[in-house]
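Using the sequences plus the hints, can you model the full thing?
Read top to bottom, the protein sequences are chains A and B. In terms of our numbering, the first sequence has 223 at position 223, counting the first letter as 1, and numbering is strictly consecutive. In our numbering, each number is its position in the second sequence, counted from 1, plus 246.
Any given hint could be a false lead.
[Said to hold, decoys possible] Across the chosen pairs, the derived CB separations fall in these ranges:
1) A:Ser97 / B:Gly469: 38 to 46 angstroms
2) A:Ser67 / B:Arg352: 51 to 59 angstroms
3) A:Ala220 / B:Lys359: 55 to 63 angstroms
4) B:Ser343 / A:Ser97: 38 to 46 angstroms
5) A:Ser156 / B:Leu356: 19 to 27 angstroms
6) B:Pro336 / A:His116: 19 to 27 angstroms
7) A:Ser97 / B:Pro336: 29 to 37 angstroms
8) B:Leu356 / A:His116: 37 to 45 angstroms
[As the list claims (entries may be wrong)] Listing some non-contacts, in silico: residues in chain A with all C-beta distances to chain B over 10 angstroms:
9) His27
10) Gly31
11) Arg139
12) Ser187
[As the list claims (entries may be wrong)] Which chain B residues face chain A? A few, computed with CB under 8 angstroms, are given here:
13) Phe372
14) Ala420
15) Gly422
16) Ala466
These are computed hints drawn from the structure, not numbers from a lab. Don't be surprised by glycine CBs; every beta carbon is placed ideally from N, CA and C.
2 protein chains.
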Amino acid sequence: MDVAAVVETGADALLLDLDGTLTIGEHAVCGADRLLASYADRFAVITNNSSDLPETIAQRLAECGLSVPASRIFTAGMAMIEALAERQAPTLALVSSVMRARALERGVLLVDKHAHTVAIGRDAAFDYPMLTNAANEVRYGARLVASNLDNNHPGSSGTIVPETGALVAAILAAAGSQDVEVIGKPSVRLAELALDALGCSAARSVVVGDNPATDGALAASIGSAFVPVMVRTVDVRSASRRARVR
Amino acid sequence: MDVAAVVETGADALLLDLDGTLTIGEHAVCGADRLLASYADRFAVITNNSSDLPETIAQRLAECGLSVPASRIFTAGMAMIEALAERQAPTLALVSSVMRARALERGVLLVDKHAHTVAIGRDAAFDYPMLTNAANEVRYGARLVASNLDNNHPGSSGTIVPETGALVAAILAAAGSQDVEVIGKPSVRLAELALDALGCSAARSVVVGDNPATDGALAASIGSAFVPVMVRTVDVRSASRRARVR
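What follows is the structure in structure tokens.
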């Protein structure tokens with residue numbers, strides 16, 4: 001990561017992507033620790049992650065040697081749950097078990113049938129019966145809401161991890177529909193939440209990310225600068241540190 | 247089904263679609279029994295079904311009151327297995343358990359990793375770990391072969407059943423690829439196998455089906471006439487007959 005390129009923008013605050021930008025799999029990206037240190041309390045992480053709680057992500061970052069308070073991590077999954085809680089519509093939720101628990105805590109009305117909304121995040125328990133049920137609910141008029149439309153994110157050892165977009169593709173294909181509401185990037189919600197928390201205007205912020213289709217498009221939408229990162233090296237210290245702890 | 251419209255073509259032989267044409271869920275379509283009786287031994291069923299053996303389909307048709315020998319049923323799943331057996335490439339097969347067993351019988355070299363081919367049919371056991379594995383294999387150069395690209399087929403009580411195409415959509419999205427080889431309709435293989443067995447030329451045959459994108463396109467490719475069916479009624483006698491048997 002080119003830390004100097006970010007610092008040279010002179011931005012008051014950073015909106016940082018997570019997977020592929022700060023971390024790759026369980027490794028910190030080289031320079032990520034210096035970037036965070038340079039910006040102290042003037043950054044937030046905005047991520048299309050839809051399966052983990054901010055607390056879990058903060059813990060994982062700490063294990064990589066990156067210190068980010070959970071309150072500064074804005075995820076597409078959490079934003080989707082807040083949106084569902086506001087709407088109070090009967091919802092078929094295809095989300096990870098921790099996100100399902102959080103949805104129940106927030107008062108989201110979860111149903112298996114006759115849903116007004118089908119909400120989907122990256123759910124590693126996704127399977128054919130869930131696809132069948134979701135496709136039929138959408139076919140019968142439920143609104144499909146996706147935490148994000150990323151198709152994959154980088155995993156460990158050069159692998160890819162299927163993302164919510166790939167599951168959405170299956171549901172839309174089976175249902176014969178093309179309508180989906182997207183909560184995460186490039187939608188502007190995460191950035192607005194983060195800028196509010198940081199007390200910074202979009203014009204004085206910079207978005208740093210590895211995905212032009214989400215991070216770049218978001219920056220253009222809100223009028224922030226965009227610094228693309230193309231990460232080829234990870235900080236192996238973070239992995240060895242983690243290995244020693246275990 | 248408009249039996250008269252088919253008979254009026256004067257065709258020597260019929261190539262009949264299955265789901266949505268002869269049956270809907272576990273019901274025979276009204277008129278299907280009369281059509282089969284009219285054509286005695288001059289018809290074949292060509293179906294994008296990829297999860298069942300011809301014997302199983304013949305049994306299911308018999309339970310609906312439709313008599314079709316297994317030897318006259320040509321499925322996309324069986325055609326895919328024959329193609330895989332010929333090629334002798336290490337294959338990651340995402341198919342139903344009966345089709346997997348048939349693939350092993352036919353000598354297909356099945357692997358979990360380092361596949362040259364990823365073969366997919368409608369597999370009701372499809373899940374996220376399988377999606378992850380398949381997407382990574384495709385990402386690393388395996389050729390994706392699909393039994394068919396139908397996105398769904400009609401199930402019981404007005405529901406839809408997700409088909410292979412919906413699973414392919416998820417794999418292609420996750421892998422970031424658009425390349426897929428299709429074995430079933432509208433590819434001409436099933437029709438060629440069936441016409442050979444019937445000893446009939448394409449020009450003297452007629453394709454009967456409910457899907458213009460598969461059945462209609464196939465007919466155009468091989469130069470057969472096409473009679474589209476739009477089925478709204480099923481033969482409830484078949485259901486009650488079945489209920490009495492159990």
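Here is what the structure says about each hint:
no. : hint                                    : verdict
1   : A:Ser97 / B:Gly469: 38 to 46 angstroms  : 55 angstroms, violated
2   : A:Ser67 / B:Arg352: 51 to 59 angstroms  : 57 angstroms, holds
3   : A:Ala220 / B:Lys359: 55 to 63 angstroms : 40 angstroms, violated
4   : B:Ser343 / A:Ser97: 38 to 46 angstroms  : 27 angstroms, violated
5   : A:Ser156 / B:Leu356: 19 to 27 angstroms : 26 angstroms, holds
6   : B:Pro336 / A:His116: 19 to 27 angstroms : 46 angstroms, violated
7   : A:Ser97 / B:Pro336: 29 to 37 angstroms  : 35 angstroms, holds
8   : B:Leu356 / A:His116: 37 to 45 angstroms : 43 angstroms, holds
9   : His27                                   : 18 angstroms, holds
10  : Gly31                                   : 26 angstroms, holds
11  : Arg139                                  : 6 angstroms, violated
12  : Ser187                                  : 19 angstroms, holds
13  : Phe372                                  : 5 angstroms, holds
14  : Ala420                                  : 4 angstroms, holds
15  : Gly422                                  : 6 angstroms, holds
16  : Ala466                                  : 22 angstroms, violated
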